[in-house]
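Student: On the provided structure of chain A, position chains B, C, D, E, F, G and H with the ligands as indicated by the hints.
Protein chains in written order, with the working numbering: chain A, 31 to 297; chain B, 31 to 297; chain C, 9 to 385; chain D, 9 to 385; chain E, 2 to 68; chain F, 2 to 68; chain G, 25 to 208; chain H, 25 to 208.
Don't take every hint at face value.
Claimed, not checked - PhoX-like, lysine-lysine: derived pairs with alpha carbons at most 20 angstroms apart:
hint, chain 1, residue 1, chain 2, residue 2
1, D, K203, A, K75
2, A, K248, E, K15
3, H, K102, D, K12
4, F, K26, B, K37
5, A, K248, E, K11
6, G, K46, C, K187
7, E, K11, A, K37
8, G, K102, E, K16
9, D, K327, C, K359
10, F, K26, B, K248
11, C, K324, B, K75
12, A, K254, E, K26
13, F, K11, H, K187
14, A, K242, G, K187
15, B, K242, H, K187
16, G, K102, E, K15
17, E, K11, G, K46
18, C, K359, D, K324
19, A, K190, B, K190
20, D, K359, C, K327
21, A, K267, E, K26
22, H, K102, H, K154
23, B, K248, F, K11
24, H, K102, D, K187
25, B, K222, B, K75
26, A, K216, A, K75
27, C, K12, G, K46
28, H, K187, F, K15
29, D, K13, H, K46
30, F, K16, H, K154
31, F, K16, B, K248
32, G, K154, E, K16
33, H, K102, F, K15
It should be emphasised that the hints constitute simulated quantities derived from the structure, not laboratory data.
Here's the letter readout for the chains.
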Amino acid sequence: MPSDDYKQYVAMDRLPSIWCPGCGNGVALKALALAFAELEMPPDKTLLANGIGCSGRVGDYVRCHRFHGTHGRTLAFVTGIKLVRPEIKAVCLLGDGDCSAIGMSHFVHSARRNVDIVTIVINNYNYGMTGGQFSPLSPYNVITSTSRSGKAEPDIDICKLADLAGANYVFRTTIYHVVEMKNYIKEALGKKGFSLVEIVSPCPTYYARYNKIGNIIKQLEWLKDKFIPIEEYNQMKDAEKENFFWRGRLTNRDLPDLYQHTRRSRG
Amino acid sequence: MPSDDYKQYVAMDRLPSIWCPGCGNGVALKALALAFAELEMPPDKTLLANGIGCSGRVGDYVRCHRFHGTHGRTLAFVTGIKLVRPEIKAVCLLGDGDCSAIGMSHFVHSARRNVDIVTIVINNYNYGMTGGQFSPLSPYNVITSTSRSGKAEPDIDICKLADLAGANYVFRTTIYHVVEMKNYIKEALGKKGFSLVEIVSPCPTYYARYNKIGNIIKQLEWLKDKFIPIEEYNQMKDAEKENFFWRGRLTNRDLPDLYQHTRRSRG
Amino acid sequence: MTIKKLLTGNDACTYAAINAGARFFAGYPITPATEIVELCSELMPVYNGNFIQMEDEIASIAAVIGASLGGAKAFTATSGPGLALMSENIGFAAMAEVPCVIINVQRYGPSTGIATKFSQSDVMAVRWGSPGDHSLIVLAPSSVQDSYDLTVEAFNLSERFRTPVILLSDAALAHVREKVEIREPGELNLYQREKPSGPVNGYLPYGTLHNNVPVMSNFGDEHILRVTGLVHQESGYSSDNSQIAEELVQRLARKIDNYQEELPAPFFYGRQAADLIVVSFGISARASLEAVNTVNSEGFKAGMLELRTIWPFPRKKVKELCSGAKKILVVEANHGQVREQLISCGFPPEKLRGVNKQNAEVITPSEVLLALKEENS
Amino acid sequence: MTIKKLLTGNDACTYAAINAGARFFAGYPITPATEIVELCSELMPVYNGNFIQMEDEIASIAAVIGASLGGAKAFTATSGPGLALMSENIGFAAMAEVPCVIINVQRYGPSTGIATKFSQSDVMAVRWGSPGDHSLIVLAPSSVQDSYDLTVEAFNLSERFRTPVILLSDAALAHVREKVEIREPGELNLYQREKPSGPVNGYLPYGTLHNNVPVMSNFGDEHILRVTGLVHQESGYSSDNSQIAEELVQRLARKIDNYQEELPAPFFYGRQAADLIVVSFGISARASLEAVNTVNSEGFKAGMLELRTIWPFPRKKVKELCSGAKKILVVEANHGQVREQLISCGFPPEKLRGVNKQNAEVITPSEVLLALKEENS
Amino acid sequence: MKKANVAINKDLCKKCAICVHFCPKEVFTIDQDGYPLISRLDKCTGCRLCFLRCPDFALEVETELDD
Amino acid sequence: MKKANVAINKDLCKKCAICVHFCPKEVFTIDQDGYPLISRLDKCTGCRLCFLRCPDFALEVETELDD
Amino acid sequence: MKNTWRTILSGSGGQGMGMAGKILAEAAFMQGFNTAQSQTYGAGARGDLSQSGIIISSEDILFPLIEKPDLLVILNNKSYGHFAPILNSNCNGTILIYDQDYAPPPKGKINSPSFGFTVVNKAREILSEKAACMVALGILTRLWIPLDKTNVSQAIQETFPGKTGLQNIKCFEEGLKLAENYPL
Amino acid sequence: MKNTWRTILSGSGGQGMGMAGKILAEAAFMQGFNTAQSQTYGAGARGDLSQSGIIISSEDILFPLIEKPDLLVILNNKSYGHFAPILNSNCNGTILIYDQDYAPPPKGKINSPSFGFTVVNKAREILSEKAACMVALGILTRLWIPLDKTNVSQAIQETFPGKTGLQNIKCFEEGLKLAENYPL
Ligand SMILES: Cc1ncc(C[n+]2csc(CCOP(=O)(O)OP(=O)(O)O)c2C)c(N)n1
Ligand SMILES: Cc1ncc(C[n+]2csc(CCOP(=O)(O)OP(=O)(O)O)c2C)c(N)n1
Ligand code: SF4
Ligand code: SF4
Ligand code: SF4
Ligand code: SF4
Ligand code: SF4
Ligand code: SF4
Ligand SMILES: [Mg+2]
Ligand SMILES: [Mg+2]
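The shape of chain A in the complex, shown without the other chains:
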């Protein structure tokens, strides 16, 4: 059984975290630390880079290299880091808002360039840090602090977007599915090129409250029931699909990454 090894990646002395009770960020942090431990990643060759947001504070509790830049730009910063330090394993852990609103362009271009980064998006369907406004990933019609009568904009599927743009690896899971989450973060860490792990996560303080999902337990149960394996999902009829979301591995390929591209052109 894995031991306490994961704690070498966690700044235990800085806990408790600033997060609300039940928030998914801590669960993701633990899964990440466990994945690091199982892969025995050297902390000095491991970088956790974060966006700005509640999820962005994950880096306040780690012991490896840590970068925390400006809202939405993490992938652009890390593109620079990776070009000069290709040996670093870089994990960019971003919020849904950070990644898909202000950071949309960098997200698409990092995937297109296939930069060797594991991008973990903590998708709590809203801007937790600023008080629960909708994000581009919030489903249509949901209630948030800036959509009191329902979000009037369609969402977009960032997994499909990453796939289209050129990512090597794309996986979606939820905070409920902890074991799967840890395992696929590990799988992503083993890949070269751009990987996306989207983790749908509860925000009990805003999202669950505004949408009357109930407490954190109810929201986790909702994740458990609504997110079904992609294979199952694909066999559903369209009408049925509307009630579910898929989770699982969308993409797994081995296209050359940015570093390889740039070196190739040197002949």
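Tutor: Coordinates of chains B, C, D, E, F, G and H with the ligands only, in the frame set by chain A:
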């Protein structure tokens, strides 16, 4: 036969244009003016908005309302215009760089919101205005003034991107295919919601020169030969596909546009 | 009708905007300006206006500019990091002469700093964030009432001068709740932008000037409008002619700088011919005034100048009102950005004592009091 | 080895960067800085460095900052509109203390303005573009040789002070071709950033200060690095403590402002105790010097001060060198941005005549001459 | 037979009750202050789901018991 | 029989020769200054492709001839 | 004659500081007083320390924030750290009102007159800890602040619609009662 | 004694102004002169007007751009508009060299000594209009500028590799010849 009506949309007295001989921008401008004329669009309810670039100067030669903002942001500006003036027919004519590099985020979000805009992208595969650097849409490995030994980054298909993001209408054509171009601009002008017409266009001064395509005639012939109807393309074997690009209509649907969405939520 | 309400600074700005006629808001949430975004999302539909949450601040100010060119009074709200992102398009609005209002609620910086905490360190950034020569208008409220009044004024000035106007609020003012007299639209003097009236044919968007400000059409109106961030002729078509460039850029400064008497004048409190004058703005002016009142009640002769227009810096007024002082205390929660402006007015540095605080907390009356007493002893 | 070459200003900057050790360039093309981007795309691979063309200027400066934190000397090049977009991340680099160099080739603004034409109107924007209190360094070359020398200096200062350094070039200098003595790396005094040497355990990225500058590790090195734009402790972990905030922000100013003697001093030409002094910078200083030489050869007593460090504004030096002058002419192709700084130095406005030009053309020797002669008659 | 030890650190626990509700063996109840209470440790299979799901590093499961 | 009139405005023409090369009926040749020359107007079908492809508004095709 | 009352409510995030501050301010406003109210904000509010400051005055309020409170209500232990500089100084002029179960003053350091009440537990009894501040408002209204209890009740009702309002009023009234019987 | 030569080449985009200016500067540099060269830039260069300025001096060059040329080469008509203020003033001290086929000076306004040559057509004969400036360099070198023709040839060769270089040198030499035979 159509008469000189199109001239009411063109600032003839400002010609000749600043463009190099043979440049595709003038051809697109004419097609657009013809489409306007055939639809008898009132100039005071018609807006041409441009990005910054050679293609962005198209608006310097029109007689309808004209907007020319900052590089990459046109769609965001026009989102504001369209919300307060839904009755205006807005055409955003953008360069490939403007739209897919600095403007990527606004492009994806405008398509996602399905803002009622006809977006025409003049894709000359480079930044013409600043001297022929590669753009995100330039094909892999091409020679440009910032990729003398071949572009080391994959490109992305903005037609598929617009489709994934939520556009109602997506069409790709080339400057060679003038009749098709005019007709499908007209079709796009008849739609509600976000339309994309991508026009692959020659840049004899930089792109054709750097890539030894030869003069403008050769480049137009290249467009003629390489861009085949999507139906034909889809039936090709993968190996064969590598030598061709598709053109034609990828998307045509009638999802509600942003204005409808925002009004719906008012009940 | 005038009604009285208890409101926060952020809420007061929002109601003021609506009552000033704003019917378009585009924004991106950021602490400590978020409540303005949220309240707009609720109020705009009620007033048949538009609210849109854009993908970032660049897009937000862009949408605001677009809406304004469509004829709407439009605004956004942000804080330091967002303001920085807006700067390119603020420069565009200045160049293309698009009325718009930006509420900048200052927080502790630089960079992400402390998002929830207080500072007054954006004084220079609001003026100089965007490259190239141009003028713009910045107003700083010191109370919730003032947040209301100056927001209304911001819209008026932006329409009158066809220029971006920035309201410089802060994290403390944004969240304090005070009584406000809400004068509703009927009670307010609202400036409506001038619209072209002449023939449609041959109309030149930048061709008719009133007080150096062009009489411009809106998109969708029958007078065809042409707008560009390039140097442009009266027609709105671009030009790279030297003379046109010089005339345009100099007019962009002149149209504001020569009409400063139309901008909110500083308030002066206390003894007019005082030896000791405190200069301040925003919520620091409140602490300052309390301190000045205290010392005056103890027999001092101190005066207090509250800046309300920050840019263009009201040099003439400041010189006039402070010229007699032996010592001027400039109270501000930053490194001394307004103090620099007083030096530019010609006051010798030795005369100017900065009472500064940079620890993310507000300046308190007793801190100002201490400084005043030191100066008098 | 020192070799002589004919180069443009843009090329000189690029070779200087390479010779100063820059091995990372990220940029986005923009007139008139494009040639730097293009030349880097060719040279970086040759020098085993990295070139990347990012999706915009925000991403460009971000990648530069990232690369610098990875240990590379890194830079970008841009012009007005791009500079505006970079301002948020320049503030971040100031806050997180990341060495990096930004070459800002001024063009005619505001906004898109005239992309190919000349101006010196970014003097304030380079300093104040980013909100919050912090200092930074701006150098302005006046010749192609100077473009080379000050670019090398920019890298040195940015490593020495761990701060963004902006090189303020312009469209004229960027494209003029002049002789340059290229001192190659062996000849240059290159400053290498200090690296931590103590034990790996318990290392605090912001914990060891030399001259107020932290001795920081790089990402991927064995001393674990933590970087954030939030107010942070010595550990690099975030904090919202008032005292930590104040100490940090004040140090960001102090670490530069207190060491100004290490920054390039102004050049003084002509008569030291002159009645008439011309102050200028950049290519306008060349026109000024020619004019000053001309009048002096005709028997005038004029002096000429060429600013090389623009920010922090070299007040002490300027006061020292200009204090005797009866009249100071400030020659600059903008509305008078440097003249304002001289007022801030305490020179009375009446003494300061602005020789300005805003028509997108360079200021010529005969224009300065005319002004000089007017003053002397 | 005890298969695992479960320990809760009240200094870190935020009383979210996730461990309580999602333990497949219903090992936990809630005490009067809202903290999880290990009530049926004998049922514990050592699956560590409670550990994996605890957002606050407040819960540890030791599965390789010495005895 | 003439089906159309073709006119070239030399003030606008930039001599790109697109009209020349892509006229399906080879109506044009090139004159000594590089401008297109309407040499075989009789072959012209009035398809207007030259007009549509001219980037510089330098070429007009009139198809509804009066006579 | 006293004409300004500066009150700070201090406790933890879930005890309704902000709401209570706002209610007090609204009640004062109804009664024609000038008033200014502020509260801790943002990430901090999620954590352990939450505060709200209310100035009530018959004069103009110049500075709207509170440097030194006349009345300080403390509902959790952590708050003492924050106010130590005030409470420990001599002649501070601050009256301390504390929760006697959860926030007894630390020994030997407090130089303010101090009064303990069963605030939190009383609220829990009736509704939940969230209403703790309503009990505190009752105490303040009865003993120190010149507000009419009907105004406070009305302000509560306007803040919390329906049943929750009534329960909160109940808490407020319990506070009034606690104060009535307090051996002052 | 003359020690500074300020030359401006002016014509249209396709006539190689920039290249020629650079070549002249390189040749001067080889010969140990100080030199500064500039050219019109950007969108303008695509259009009708293109210019290049070259200062060659045995002294330090203070201001690197040209206010008033000593030598002005004009290869298209449009350029006259731009230089009218100089050419029309009395005692301007500027020598005008023009293409006699394509840029004859407008009548009655020019107060400079002026010299016409067959520049463009000569270049077309040998290579193409693009080489027009090479012919002009020959003329300048022969008659006005103190440069060694071998240096100019070398600079041309270094700029244009291989065959194009030789053709351009040919044009340059034709320029030298034209000047030689010119009835000055
Ligand atoms: C330029 C800029 N704009 C806005 C903000 C304010 N802001 C901070 S976090 C955030 C969004 C957070 O949402 P998300 O990325 O989903 O993270 P979460 O808090 O939900 O984990 C915003 C808008 C900022 N810090 N910088
Ligand atoms: C913020 C900003 N960055 C860079 C530029 C410089 N710039 C002008 S046009 C352009 C790209 C043009 O390429 P594209 O959009 O493809 O248009 P084209 O010229 O090819 O038609 C660039 C990078 C600018 N004007 N503003
Ligand atoms: S606001 Fe939401 S996302 Fe943020 S810490 Fe609280 S529960 Fe988590
Ligand atoms: S540079 Fe290319 S895109 Fe621009 S005008 Fe010339 S040919 Fe057209
Ligand atoms: S280890 Fe498994 S069975 Fe044991 S307490 Fe935890 S969740 Fe329950
Ligand atoms: S899951 Fe963790 S934080 Fe939540 S109640 Fe259990 S032990 Fe406490
Ligand atoms: S109309 Fe058709 S056939 Fe006639 S000249 Fe033009 S292209 Fe040729
Ligand atoms: S296509 Fe037009 S511009 Fe080109 S040669 Fe023909 S007429 Fe001239
Ligand atoms: Mg989120
Ligand atoms: Mg392009």
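Student: Would you mind marking each hint as holding or not holding in the structure?
Tutor: Against the structure, the hints come out as follows:
no. : hint             : verdict
1   : D:K203 to A:K75  : holds (17 angstroms)
2   : A:K248 to E:K15  : holds (17 angstroms)
3   : H:K102 to D:K12  : violated (37 angstroms)
4   : F:K26 to B:K37   : violated (26 angstroms)
5   : A:K248 to E:K11  : violated (23 angstroms)
6   : G:K46 to C:K187  : holds (12 angstroms)
7   : E:K11 to A:K37   : holds (18 angstroms)
8   : G:K102 to E:K16  : holds (19 angstroms)
9   : D:K327 to C:K359 : holds (18 angstroms)
10  : F:K26 to B:K248  : holds (19 angstroms)
11  : C:K324 to B:K75  : violated (46 angstroms)
12  : A:K254 to E:K26  : holds (18 angstroms)
13  : F:K11 to H:K187  : violated (34 angstroms)
14  : A:K242 to G:K187 : holds (19 angstroms)
15  : B:K242 to H:K187 : holds (19 angstroms)
16  : G:K102 to E:K15  : holds (17 angstroms)
17  : E:K11 to G:K46   : violated (33 angstroms)
18  : C:K359 to D:K324 : holds (18 angstroms)
19  : A:K190 to B:K190 : holds (11 angstroms)
20  : D:K359 to C:K327 : holds (18 angstroms)
21  : A:K267 to E:K26  : violated (35 angstroms)
22  : H:K102 to H:K154 : holds (18 angstroms)
23  : B:K248 to F:K11  : violated (23 angstroms)
24  : H:K102 to D:K187 : violated (32 angstroms)
25  : B:K222 to B:K75  : holds (15 angstroms)
26  : A:K216 to A:K75  : holds (16 angstroms)
27  : C:K12 to G:K46   : holds (16 angstroms)
28  : H:K187 to F:K15  : violated (29 angstroms)
29  : D:K13 to H:K46   : holds (12 angstroms)
30  : F:K16 to H:K154  : holds (16 angstroms)
31  : F:K16 to B:K248  : holds (15 angstroms)
32  : G:K154 to E:K16  : holds (16 angstroms)
33  : H:K102 to F:K15  : holds (17 angstroms)
Checked against the numbered hints listed earlier, the structure breaks hints 3, 4, 5, 11, 13, 17, 21, 23, 24, 28; every other hint is satisfied.
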